[in-house]
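Engineer: Use the sequences and the hints to build the structure in full.
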Amino acid sequence: MERVEPPKGYVLVNKQTVEEIIAVEAELLRSEGIDPRWPGFPEAEQEHDEKQ
Amino acid sequence: MADEDADVDRTMRAERSVRSAWRDLPAYDRELLQNIGASQWQVTREALGGVVDDLLRSAGLGGLRQRDVRSLDDAAGVWIQELRLVLVNAGHHALAELDDATYEAMLARIAWHEWAHALSVVRATADDVANGERLLDLAPAGVANVIRRGGYRRSEYTHELVAEIYALLMSRRRRGQRGQPSWLGDEIYDLVRRVSGWSE
Numbered sequence: 000m001e002r003v004e005p006p007k008g009y010v011l012v013n014k015q016t017v018e019e020i021i022a023v024e025a026e027l028l029r030s031e032g033i034d035p036r037w038p039g040f041p042e043a044e045q046e047h048d049e050k051q
Numbered sequence: 000m001a002d003e004d005a006d007v008d009r010t011m012r013a014e015r016s017v018r019s020a021w022r023d024l025p026a027y028d029r030e031l032l033q034n035i036g037a038s039q040w041q042v043t044r045e046a047l048g049g050v051v052d053d054l055l056r057s058a059g060l061g062g063l064r065q066r067d068v069r070s071l072d073d074a075a076g077v078w079i080q081e082l083r084l085v086l087v088n089a090g091h092h093a094l095a096e097l098d099d100a101t102y103e104a105m106l107a108r109i110a111w112h113e114w115a116h117a118l119s120v121v122r123a124t125a126d127d128v129a130n131g132e133r134l135l136d137l138a139p140a141g142v143a144n145v146i147r148r149g150g151y152r153r154s155e156y157t158h159e160l161v162a163e164i165y166a167l168l169m170s171r172r173r174r175g176q177r178g179q180p181s182w183l184g185d186e187i188y189d190l191v192r193r194v195s196g197w198s199e
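Heads up: the protein sequence lines correspond to chains A and B, in order. For the first sequence, numbering that gives the first Met the number 0 gives the first residue as 0, with consecutive numbering after it. For the second sequence, numbering that gives the first Met the number 0 gives the first residue as 0, with consecutive numbering after it.
Please keep in mind that the hints were generated in silico from the structure rather than gathered at the bench. Heads up, some of the hints might be wrong.
[Unchecked claim] Far from chain A, some chain B residues (derived; all Cβ distances over 10 angstroms):
#1 Ala-26
#2 Asp-28
#3 Glu-30
#4 Gly-76
#5 Thr-124
#6 Gly-141
#7 Ser-181
[Unchecked claim] Per label pair, the in silico range of CB-to-CB distance:
#8 A:Arg-29 / B:Ser-57: 13 to 23 angstroms
#9 B:Pro-25 / A:Ser-30: 35 to 45 angstroms
#10 B:Asp-2 / A:Gly-32: 33 to 43 angstroms
[To be verified] The calculated EDC-like cross-link candidates involving lysine to aspartate or glutamate, where the alpha carbons are at most 20 angstroms apart (straight line), are:
#11 A:Lys-7 / B:Asp-72
#12 A:Lys-7 / B:Asp-52
#13 A:Lys-14 / B:Glu-155
#14 A:Lys-14 / B:Glu-132
#15 A:Lys-7 / B:Glu-132
#16 A:Lys-7 / B:Asp-127
#17 A:Lys-14 / B:Asp-6
#18 A:Lys-7 / B:Asp-67
#19 A:Lys-7 / A:Glu-26
#20 A:Lys-7 / B:Asp-6
#21 A:Lys-14 / B:Glu-45
#22 A:Lys-14 / A:Glu-4
For each residue, glycine too, the CB sits at the ideal point set by N, CA and C.
Structural biologist: Shown next, in the form of structure tokens:
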């Protein structure tokens with residue numbers, strides 16, 4: 000049977016890779032005047048409100 | 000026991016994040032994914048190499064080579080076309096120490112990236128794939144650097160670029176921003192629109 004050759008997937012070598020990804024995104028967003036802080040999802044906000 | 004509780008909590012949070020990321024997709028993109036049978040996902044806390052290997056064997060598709068198992072173990076997410084499935088490793092070591100907000104943002108990003116793969120793998124042309132190296136030269140430097148350092152094959156550059164840009168466009172959309180970003184050139188934006196179906 001022919002083996003499946005999978006893609007490499009979303010490679011995160013270590014925590015520094017995550018920090019680099021977040022920093023790149025933040026820089027691009029800031030360059031357009033967009034606040035890079037994660038705004039969350041409406042459902043999560045709703046759940047949070049329900050717990051209050 | 001406390002560690003197990005924390006793992007369960009983190010996994011539930013991850014499942015919620017991926018579900019929210021799915022709901023956040025533009026309706027047209029969700030429909031495209033459903034039409035190509037790519038609307039299924041699974042969140043796990045196991046290294047993805049072994050998970051994919053088990054799932055492929057269970058589906059009668061043969062297992063992975065050992066080198067592919069090891070390689071996939073480094074991944075936090077993957078789209079497996081043969082299984083029509085996006086897999087996310089919520090327990091990936093690189094995500095372990097993130098605060099809750101950053102963890103949610105990363106889980107969403109991984110899911111958006113993989114759904115873009117599901118679309119681009121079937122819709123990108125051979126010319127698009129062959130142009131990968133040149134397209135990376137046109138991409139924002141930080142994005143290109145992350146892809147180049149990821150150890151991807153050159154034949155994967157275009158797919159990785161489309162998926163990264165798509166995830167960035169979704170992240171921007173979550174913040175209420177639509178249209179072409181000022182940091183993205185026409186050629187890559189048009190490519191992403193064509194192969195991922197992005198129409199915002």
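Engineer: Can we confirm that no CB of chain A comes within 10 angstroms of the CB of B:Ala-26?
Structural biologist: 15 angstroms, holds
Engineer: Hinted pair, alpha-carbon criterion (20 angstroms max): A:Lys-7, B:Asp-127. Please report holds or violated.
Structural biologist: Answer holds: A:Lys-7 to B:Asp-127 is near 19 angstroms, not above 20 angstroms.
Engineer: B:Ser-181: least C-beta distance to chain A exceeds 10 angstroms?
Structural biologist: Non-interface label on B:Ser-181 violated, nearest chain A Cβ at 6 angstroms vs cutoff 10 angstroms.
Engineer: Between A:Lys-14 and B:Glu-132, does the CA-CA distance stay at or below 20 angstroms?
Structural biologist: The hint is violated at about 26 angstroms.
Engineer: Below or equal to 20 angstroms on CA atoms is what counts here, so check A:Lys-7 against B:Glu-132.
Structural biologist: Given pair A:Lys-7, B:Glu-132 holds - Cα atoms ~17 angstroms apart, limit 20 angstroms.
Engineer: Between the alpha carbons of A:Lys-14 and B:Glu-45, is the straight-line distance 20 angstroms or under?
Structural biologist: The given pair, whose Cα atoms are some 18 angstroms apart, holds under the 20 angstroms limit.
Engineer: Verify this label for me: B:Glu-30 is non-interface relative to chain A, using a Cβ-Cβ cutoff of 10 angstroms.
Structural biologist: 20 angstroms, holds
Engineer: Taking the minimum C-beta separation from B:Thr-124 to chain A, is that value above 10 angstroms?
Structural biologist: 18 angstroms, holds
Engineer: Are the Cα positions of A:Lys-14 and A:Glu-4 separated by 20 angstroms at most?
Structural biologist: 27 angstroms, violated
Engineer: Please work out if A:Lys-14 and B:Asp-6 have their alpha carbons no farther apart than 20 angstroms.
Structural biologist: 18 angstroms, holds
Engineer: Check the hint pairing A:Lys-7 with B:Asp-52 against an upper bound of 20 angstroms on the C-alpha distance.
Structural biologist: With Cα atoms ~14 angstroms apart, A:Lys-7 and B:Asp-52 stay inside 20 angstroms; holds.
Engineer: If I take the minimum Cβ distance from B:Gly-76 to any residue of chain A, is it greater than 10 angstroms?
Structural biologist: The claim breaks: B:Gly-76 does not keep its Cβ more than 10 angstroms from every Cβ of chain A (closest is about 4 angstroms).
Consistency with the previously given hints fails for numbers 4, 6, 7, 8, 9, 13, 14, 19, 20 and 22, ordered from lowest to highest.
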